[in-house]
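Join the two chains into one complex using the hints; note that each chain is given alone, in its own frame.
The listed protein sequences derive, respectively, from chains Z and R. All letters in the first sequence, in the order written, are residues 1 to 230 by our numbering. All letters in the second sequence, in the order written, are residues 1 to 111 by our numbering.
Hints are computed from structural coordinates only; laboratory data are not their basis. This structure is a prediction, so every number in the text was calculated from the model and none was measured. Using N, Cα and C, we set each Cβ at its ideal position, and we do this for glycine too. Treat the hints loosely; a few may be bogus.
What the hints assert, rightly or not - Simulated pairs of lysine to any residue, SDA-like, Cα-Cα distance not exceeding 25 angstroms:
#1 Z:K224 x R:D108
#2 Z:K2 x R:K19
#3 R:K19 x Z:N212
#4 R:K98 x Z:T222
#5 R:K98 x Z:F217
#6 Z:K160 x R:K98
Stated by the list, open to error - To give an idea of the chain Z side of the interface with chain R (calculated C-beta under 7 angstroms), a few residues:
#7 L34
#8 H60
#9 A68
#10 A75
#11 K79
As the list claims (entries may be wrong) - Label-pair distances were calculated between CB atoms; the ranges are:
#12 Z:D167 x R:K89: 20 to 26 angstroms
#13 Z:K224 x R:L57: 41 to 47 angstroms
#14 Z:Y202 x R:K27: 30 to 36 angstroms
#15 R:I7 x Z:K224: 38 to 44 angstroms
#16 Z:I198 x R:D23: 37 to 43 angstroms
#17 R:A75 x Z:K224: 39 to 45 angstroms
#18 Z:I128 x R:R28: 32 to 38 angstroms
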Amino acid sequence: MKLAIIIPAFNEEGSIEKVLKSIPKKLKGVDKVLPIVIDDGSIDNTYELAKNGSHYVAMHVINLGLGAALCTGFAAARKINCDIAVTLDGDGQHNPEDIQNLIDPIINKKADVVIGTRMTDTKGMPPIKIFGNWMMNVMTLLIFRKWSSDTQSGMRALSKLALQKLDLHSVGYEISSEIIGEAHRNRLRIKEVPIETIYTDYSNAKGQSVINAVNIFTRLLTIKMSGKKK
Amino acid sequence: MIIFTKIFAILLALTVITKTFYDYKKKREILSTFAFWTIAWVLIVYVALKPTLFYNLLSSMANENIGIGTFVGVAFIFLFYITYRVYIKANRLERQIKDIVMRIGIKDIED
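Chain R with its partners taken away, still in its complex shape (with noise of 0.2 angstroms):
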């Protein structure tokens, strides 16, 4: 199980990158951008197939064990506070945007 969770970690991390490569070629990201997804998942990787460094870190950090039901836990809340925050931004921008082209749409229509 945990040998499946690396490699679904892998190939996942190889997707993302290669995604963003491409959109990199293709001039639809910018260079910092394409650098900033491919160090963040390499170093999901590197959690993933070593989660102990990270987990030991938090522990020597917080000066005492962290039990690993309680890493898993909050590291659901953040992930949940981050999608529920793009998700709000994303709704807010395609309103505006409807509104925006609404608005241009129907300028010349006239009775």
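Here chain Z stands alone, though its shape is the one from the complex (with noise of 0.2 angstroms):
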């Protein structure tokens, strides 16, 4: 079994050799750990980084957003034929060693996304962000008739049937709930898992605002009426 980790990076170099190195070689049930760094237009050293720690590296011509950079890491493990594709976030906030429990639901064949969530223990996640999560729940629910507890955790596995079948258009942020939205439309079991945050400075001071939540409904309406097939 192969496992594709897909990290979309920009402007990360102060993390991005770290999150690499925290990789675990060896898990089990898989055969090949693939690390994929999508460099989604970076103007520090972030490409250079990742080429000396990861095999693989995709680099965006110019800045898109997280959704441009997840769905060419994703056409990326389809094309190298991954089983299992885990995303992380390059900014460091994610522990690598709960990778094992994400991806032991798809491997024991009960789950095609699981979702890591964050809000089963929220110490240290600043109030705002809390109540970003939450609205942004929220919202998944009223578009995509589908709750999760966190869905704009950054860290989620998705097995090749989900690869295949999800239809991403997001460019920014809205992805996360576009994932959970395509998953639910496509009748694929969601699972959650708990994951741990390490919430430094650095990572605090990356993601999204919630002052963006305004642009990610209105991406995910013009999405949801963009008029996919059920």
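Written out as structure tokens, the structure reads:
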């Protein structure tokens, strides 16, 4: 079984090496672990540093956004015929030790999409982020009729079936909700597992702002109204 | 209220013209684009300051009195149509750019 670890990165020279080094080389039920870094048009040394630490680095010639970077990562995972894809943030806020818990339900054929939820233990999470996440969960429920306790989590695992079925159009942060909406539309099995979040000044400075919620809501509505078949 | 609307129109026009001039100075826009938006916004401010001139002109062209409600309604429809066209076009372009960038990105990735 081949596992792709997709890491979208935009100007992450301060953390990308550490993130790549922390990825476990061996995991239960996995033959090959293949990190794929998507450099989303960084203007710092992210690409060069990623190239040293990862076998696969895809470079966006311009900065597009998280959604586009993840779509490129999923396309790369399909191209190298991976069985599972895990997404991790490039800022180091995820604990790679959680990868095993995330992929277990897929290996055991109990889920197609596994969301790593940060909401079971919100200790250390800034209140504004808790509020923003809750708001996005409600938006996702209203638009896609699917509840998740952490729709905006950047750590998730997708089965080969999910990689093939999800028809994603997002360019920006709305991708997280779209993945859940698309999985639900395709009747894929969605599961949540708790994950640890490492909050540092660096990771807190990154990520989306609550004000961006309006923009995400408009984009999600457009995606929903673009008329995908049931 | 009318005074407030006029002041708002002038401030908005000044903001847009300043932004266009800044883009032109930074060589992000060409001279003709800067000239077009400057003239367009001067005309908008002119209409905002003297709406009766424009209203009378339309009435004389139509050979009948056009109610101010009809005028505002038609203006709204026109503006919404432009917004819709720009939105559709921007969305299409964004998707095409994403597609190109993705293809270039994974070109060298092989099993």
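Each hint tested on the structure:
1. Z:K224 x R:D108: Not OK: K224 (chain Z) and D108 (chain R) at ~33 angstroms, beyond 25 angstroms, violated.
2. Z:K2 x R:K19: violated, 51 angstroms
3. R:K19 x Z:N212: OK: K19 (chain R) and N212 (chain Z) at ~23 angstroms, within 25 angstroms.
4. R:K98 x Z:T222: holds, 17 angstroms
5. R:K98 x Z:F217: Roughly 20 angstroms separates the two Cα atoms, so the pair holds.
6. Z:K160 x R:K98: Holds. K160 (chain Z) to K98 (chain R) sits at ~23 angstroms (cutoff 25 angstroms).
7. L34: Where the cut-off is 7 angstroms and the nearest Cβ of chain R is about 10 angstroms from L34 (chain Z), the hint is violated.
8. H60: Given a least distance of 5 angstroms, the restraint on H60 (chain Z) holds.
9. A68: holds, 5 angstroms
10. A75: holds, 5 angstroms
11. K79: With Cβ-Cβ at 6 angstroms, under 7 angstroms, it holds.
12. Z:D167 x R:K89: 20 to 26 angstroms: Since D167 (chain Z) and K89 (chain R) have Cβ atoms about 22 angstroms apart, the given range 20 to 26 angstroms holds.
13. Z:K224 x R:L57: 41 to 47 angstroms: holds, 44 angstroms
14. Z:Y202 x R:K27: 30 to 36 angstroms: holds, 35 angstroms
15. R:I7 x Z:K224: 38 to 44 angstroms: With a Cβ separation near 40 angstroms, I7 (chain R) and K224 (chain Z) satisfy 38 to 44 angstroms, so the hint holds.
16. Z:I198 x R:D23: 37 to 43 angstroms: holds, 41 angstroms
17. R:A75 x Z:K224: 39 to 45 angstroms: violated, 30 angstroms
18. Z:I128 x R:R28: 32 to 38 angstroms: holds, 34 angstroms
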